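Student: Residue numbers (this note's numbering), protein chains in the order written: chain A, 3 to 355; chain B, 29 to 386.
Derived by calculation from the structure, the hints in this document are not laboratory data.
In this text the structure is predicted, and so the values were computed from the model without any measurement.
Among the hints, erroneous ones may be present.
[Stated by the list, open to error] Restraint ranges, calculated between C-beta atoms of paired labels, are given here:
{"hint": "1", "chain 1": "A", "residue 1": "Tyr144", "chain 2": "B", "residue 2": "Ala379", "range": "21 to 31 Å"}
{"hint": "2", "chain 1": "A", "residue 1": "Phe30", "chain 2": "B", "residue 2": "Thr282", "range": "28 to 38 Å"}
{"hint": "3", "chain 1": "A", "residue 1": "Tyr144", "chain 2": "B", "residue 2": "Asn116", "range": "22 to 32 Å"}
{"hint": "4", "chain 1": "A", "residue 1": "Leu167", "chain 2": "B", "residue 2": "Gly347", "range": "52 to 62 Å"}
{"hint": "5", "chain 1": "B", "residue 1": "Pro95", "chain 2": "A", "residue 2": "Ala98", "range": "44 to 54 Å"}
{"hint": "6", "chain 1": "B", "residue 1": "Asn116", "chain 2": "A", "residue 2": "Tyr121", "range": "16 to 26 Å"}
{"hint": "7", "chain 1": "B", "residue 1": "Gly59", "chain 2": "A", "residue 2": "Tyr121", "range": "31 to 41 Å"}
Cβ coordinates follow ideal geometry from the N, Cα and C atoms, glycine included.
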Amino acid sequence: MTAIRRLVRPEQLREISLLILIVLACLFFSTQINGFLSGRTFARVSTSVAIITVVAVGQTLVVLTRNIDLSVGSIVGFCAYFVGMQFTFDRTIPPAAAVAMAIGVGALMGGFNGLLVAYARVPAIIVTLGTLAIYRGLLVEYGNARTVTTANLPSWLVGLQPTNLFSIGDIDIRLMAFIAIVVVLVFQLGLGYLQFGRRLYAIGSNPDAARIAGIPARRTVFLAYVMCGALAGLGGFMFLVRFGDITIVAAQGLELQVVAAVVVGGVNIFGGSGTMFGAMLGAVMIGTLEYSLTRMTWISQFWKDALLGGFILAAVAADAIILTRIRKFWARTELTLAAPVSETPEVRRAAGD
Amino acid sequence: MKKVLVLLILASLLAMTSVAIARDVVVAEPGQEVRMLLLPKFLGILVFDEANQGALEAAAELENPAPLIFDGPTPENSVAGQIEIVTNAVTQGIQALMISNNAGDQIAPAAQAALDAGLTVVTWDSPIPSAVGEQVFVAQVDFNETGKVLADMALSILGEEGGQFAILSASPDAANQNAWIAAMQEVLASDPAYANLELLTIVYGNDQSEESYNQALGLVDAYPELDLIVAPTSVGGPAAAKALQDEGLCGEGTDNSVVVTGLMLPSEVLAYVENGCIPEFALWSFVDLGYLTYYVTYLLATGAIEAEPGVMFEAGRMGTYEITEDPTRENGLRVLMGPFSIYNIENIYAAVGMEAPE
Numbered sequence: 003m004t005a006i007r008r009l010v011r012p013e014q015l016r017e018i019s020l021l022i023l024i025v026l027a028c029l030f031f032s033t034q035i036n037g038f039l040s041g042r043t044f045a046r047v048s049t050s051v052a053i054i055t056v057v058a059v060g061q062t063l064v065v066l067t068r069n070i071d072l073s074v075g076s077i078v079g080f081c082a083y084f085v086g087m088q089f090t091f092d093r094t095i096p097p098a099a100a101v102a103m104a105i106g107v108g109a110l111m112g113g114f115n116g117l118l119v120a121y122a123r124v125p126a127i128i129v130t131l132g133t134l135a136i137y138r139g140l141l142v143e144y145g146n147a148r149t150v151t152t153a154n155l156p157s158w159l160v161g162l163q164p165t166n167l168f169s170i171g172d173i174d175i176r177l178m179a180f181i182a183i184v185v186v187l188v189f190q191l192g193l194g195y196l197q198f199g200r201r202l203y204a205i206g207s208n209p210d211a212a213r214i215a216g217i218p219a220r221r222t223v224f225l226a227y228v229m230c231g232a233l234a235g236l237g238g239f240m241f242l243v244r245f246g247d248i249t250i251v252a253a254q255g256l257e258l259q260v261v262a263a264v265v266v267g268g269v270n271i272f273g274g275s276g277t278m279f280g281a282m283l284g285a286v287m288i289g290t291l292e293y294s295l296t297r298m299t300w301i302s303q304f305w306k307d308a309l310l311g312g313f314i315l316a317a318v319a320a321d322a323i324i325l326t327r328i329r330k331f332w333a334r335t336e337l338t339l340a341a342p343v344s345e346t347p348e349v350r351r352a353a354g355d
Numbered sequence: 029m030k031k032v033l034v035l036l037i038l039a040s041l042l043a044m045t046s047v048a049i050a051r052d053v054v055v056a057e058p059g060q061e062v063r064m065l066l067l068p069k070f071l072g073i074l075v076f077d078e079a080n081q082g083a084l085e086a087a088a089e090l091e092n093p094a095p096l097i098f099d100g101p102t103p104e105n106s107v108a109g110q111i112e113i114v115t116n117a118v119t120q121g122i123q124a125l126m127i128s129n130n131a132g133d134q135i136a137p138a139a140q141a142a143l144d145a146g147l148t149v150v151t152w153d154s155p156i157p158s159a160v161g162e163q164v165f166v167a168q169v170d171f172n173e174t175g176k177v178l179a180d181m182a183l184s185i186l187g188e189e190g191g192q193f194a195i196l197s198a199s200p201d202a203a204n205q206n207a208w209i210a211a212m213q214e215v216l217a218s219d220p221a222y223a224n225l226e227l228l229t230i231v232y233g234n235d236q237s238e239e240s241y242n243q244a245l246g247l248v249d250a251y252p253e254l255d256l257i258v259a260p261t262s263v264g265g266p267a268a269a270k271a272l273q274d275e276g277l278c279g280e281g282t283d284n285s286v287v288v289t290g291l292m293l294p295s296e297v298l299a300y301v302e303n304g305c306i307p308e309f310a311l312w313s314f315v316d317l318g319y320l321t322y323y324v325t326y327l328l329a330t331g332a333i334e335a336e337p338g339v340m341f342e343a344g345r346m347g348t349y350e351i352t353e354d355p356t357r358e359n360g361l362r363v364l365m366g367p368f369s370i371y372n373i374e375n376i377y378a379a380v381g382m383e384a385p386e
């Protein structure tokens, strides 16, 4: 027991409580919708959540440092459109060059955000609200009322979306979902084991202390924005693959879905705590709810957004309650294991009383 | 020489008046200067750009020395942006406004102010619902005809034995789409020829590719017997076709078990017409709509015609039109353009200006 307690802290159980909630939600919807628990549902949710997850990983990097990036929707839209347009001019662009182009343009846009936030010290919400409009405006100007259509895209690109990598029984792991999982794993490991990752937590927990401790806060925040932009660029490429027909309103409002996924996933909006797994589970939670509501055809369209909001609130509230319980339970076992000296002030504080 | 000239002028004057008496059709006098502004719902969508091309064509024909201004708000700022542009047009010396209204009746005060300041205000594509502040509305098609066209395409795709279909619309509060769907439902109910067509549900993709794509997937999951998706929106149609194609329900190598039809742009759905996901669809020409709108506005602004029911005029290559009461609104006048063009694999290459492959 002591060994387990040393290894696992209540904060790390956040993901587990969210996972339990997703399972509960699936069980509930399976009683409402015919054939809900099937490989088809998995394929639907996993592919529709893939793009949000990749962008949410980038967003998490930024949110951990006590900042935010609201321009990701515009970056995704711009990159999807920009790369699609390049194919319209030249269909022979190799796949690797197309992906690199999307990531590069995204990183540039993220870098501009990072410069203003980290070096010019403009509040992140103001900078990224501004660039949200600027990047969308650039797209409108660049787009010049043309639409990227699937007819102009090479066939390998159009064929990526339905590509299935491998199947486990009834469950297909599609390429898009696989990309998202790889991104989550890589960045989760980076957060845990790289100096850069730990610095993000330090800056978000206490910016002043981090600076005094000699952490290059500006450079770290700048890099977080560059990576967030790069991942949004990758998301833009995936967006192009999935939807094919790209207009200048592409991915408008995506930033809100991404921020919702990050917050539902337990990443603290005031920085300093949260994981990539959490962000992914937040995206999966919202994706599951959205898909289920789409399937519940007897519910009026006008109510669906309100219901989705209600479900998300319920999930976050349930998550908070479960987490508090676990914390108290932890404190109690600590108490019984530690010593018979029960009601010391430390214990009471740890119990959250 | 002078006599000949006078005679010529007299003769031409006589000819003009005799035409006017005979057909009562007003013909525009080219070369007059009118500073005109074409205002789309927002910038960056192909249909509005096509309307601008049509307006430019008319401007060249009418030899208006003042250049046509094409300006509009960005997509996310459409309503407030339109009102701002209309308000500013008065002080910027604009003489005639052509508005594709996206702001409902909220734009009426600004449009009325422009009208009071002596500007000509014409709406096209989408009118001001109350008709306050607008002289005449240039309607693309009759909204009831739209319902008939949608029902006919569903019938021609599903055939005599019929089948089940669903509608994928734009937003739940889009006035034109709702009117078309209502008209389609009326046609389905009133004529026994459509008795075998079963409308399952109406869903909304809010004119976003993402939402439309997901809604199309939701439809095929919820209704295994679904045969057809009718999308009266140029964004929803291709998005639904892409979703069905990705799921292997239509396109090459499939039996086209679920397909899409509706109102779309030929250049945006070419790939899906080629692979069978969209066997047939319809639309009016936005180039013609822009062209006709320019003629109406020019005639009104130069005082050649008044905005009154029964006034007839000639709109260049498109022929003669009449201003009538608008039967689809309580108040207001309209010029009805029509008709629909139906597109399929036979004529889509011509529509997008391409050679049909062998």
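Student: A separate judgement is required for each hint: does it hold in the structure or not?
Tutor: Outcome of the hint check:
1. A hinted range of 21 to 31 Å for the beta carbons of tyrosine 144 of chain A and alanine 379 of chain B is consistent with their spacing of about 26 Å.
2. A hinted range of 28 to 38 Å for the beta carbons of phenylalanine 30 of chain A and threonine 282 of chain B is consistent with their spacing of about 34 Å.
3. Take tyrosine 144 of chain A and asparagine 116 of chain B: their Cβ atoms lie about 25 Å apart, and the range 22 to 32 Å holds.
4. Checked against the given bound of 52 to 62 Å, the beta carbons of leucine 167 of chain A and glycine 347 of chain B, roughly 59 Å apart, stay inside it.
5. Judged by the Cβ atoms, the range 44 to 54 Å given for proline 95 of chain B and alanine 98 of chain A holds: they are separated by roughly 46 Å.
6. Our hint of 16 to 26 Å for asparagine 116 of chain B and tyrosine 121 of chain A is violated, since their Cβ atoms are close to 37 Å apart.
7. For the pair glycine 59 of chain B and tyrosine 121 of chain A, the beta carbons lie near 58 Å from each other, so the given range of 31 to 41 Å is not met.
The structure shown violates the earlier hints numbered 6, 7.
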